[in-house]
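Please model the entire structure based on the sequences and the hints provided.
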Amino acid sequence: EDQVTQSPEALRLQEGESSSLNCSYTVSGLRGLFWYRQDPGKGPEFLFTLYSAGEEKEKERLKATLTKKESFLHITAPKPEDSATYLCAVQARGSTLGRLYFGRGTQLTVWP
Amino acid sequence: GAVVSQHPSWVICKSGTSVKIECRSLDFQATTMFWYRQFPKQSLMLMATSNEGSKATYEQGVEKDKFLINHASLTLSTLTVTSAHPEDSSFYICSASVVGTEAFFGQGTRLTVV
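Residue numbers (our numbering), protein chains in the order written: chain A, 1 to 112; chain B, 1001 to 1114.
Warning: the hint list may mix true and false statements.
[Unchecked claim] List of simulated lysine-lysine pairs, DSS-like, C-alpha gap at most 30 angstroms:
(1) Lys1041/B with Lys63/A
(2) Lys79/A with Lys1041/B
(3) Lys57/A with Lys1020/B
Derived from the structure by calculation, the hints contain no laboratory data.
Next up, the structure:
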């Protein structure tokens, strides 16, 4: 059974305090791993797609990395506007294109 | 990125009535759309896969007679919650993919059944 586990469930950081979010996955053949940001009452906003172990992608203060078992979302010098829930999702080979299995997310709060 | 528009953003209805939620792909054609449900502080749970011109595929445990899905065109899928009850209150989100790219999500619909 395909599974996605995110940790921690919640993370509080002071502005400028770097940290990492973890996404562990078990999937029968990975087609892609996705990171999304979700603000309260909104739909998920796409951040990154990673396809193979060793791949890395960056966007502003965020950097996503991928191994064969997990992915990390590194946040460097976060700002209060980075506060949101970060969702990890996987797409399995052989599944309908676009069908995603989500983790529960990490709720990030960055305080000034 | 591609834009997916969902309407309405929120709706309040009386118990026993039906509610329709629309999901449109604005700048691309989506042969497949997905409907998710999200409870507070929980992840997105896939309800069904909506296929243009054919019947939707429902996930195990999702009542297809309660959650009617229609995908009449390449840019529009609708989810109708029939005979809604308070336990159907939730956040419903649709998504669509362009071939070879990531999924794009609508803004979500907050349904409250009173």
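30 angstroms limit on alpha-carbon distance, applied to hinted pair Lys1041/B and Lys63/A: holds, 24 angstroms
Agreement of Lys79/A and Lys1041/B with the hint, judged by alpha carbon distance not exceeding 30 angstroms: The hint holds at about 22 angstroms.
30 angstroms limit on alpha-carbon distance, applied to hinted pair Lys57/A and Lys1020/B: violated, 38 angstroms
Of the numbered hints given earlier, the model fails hint 3 alone.
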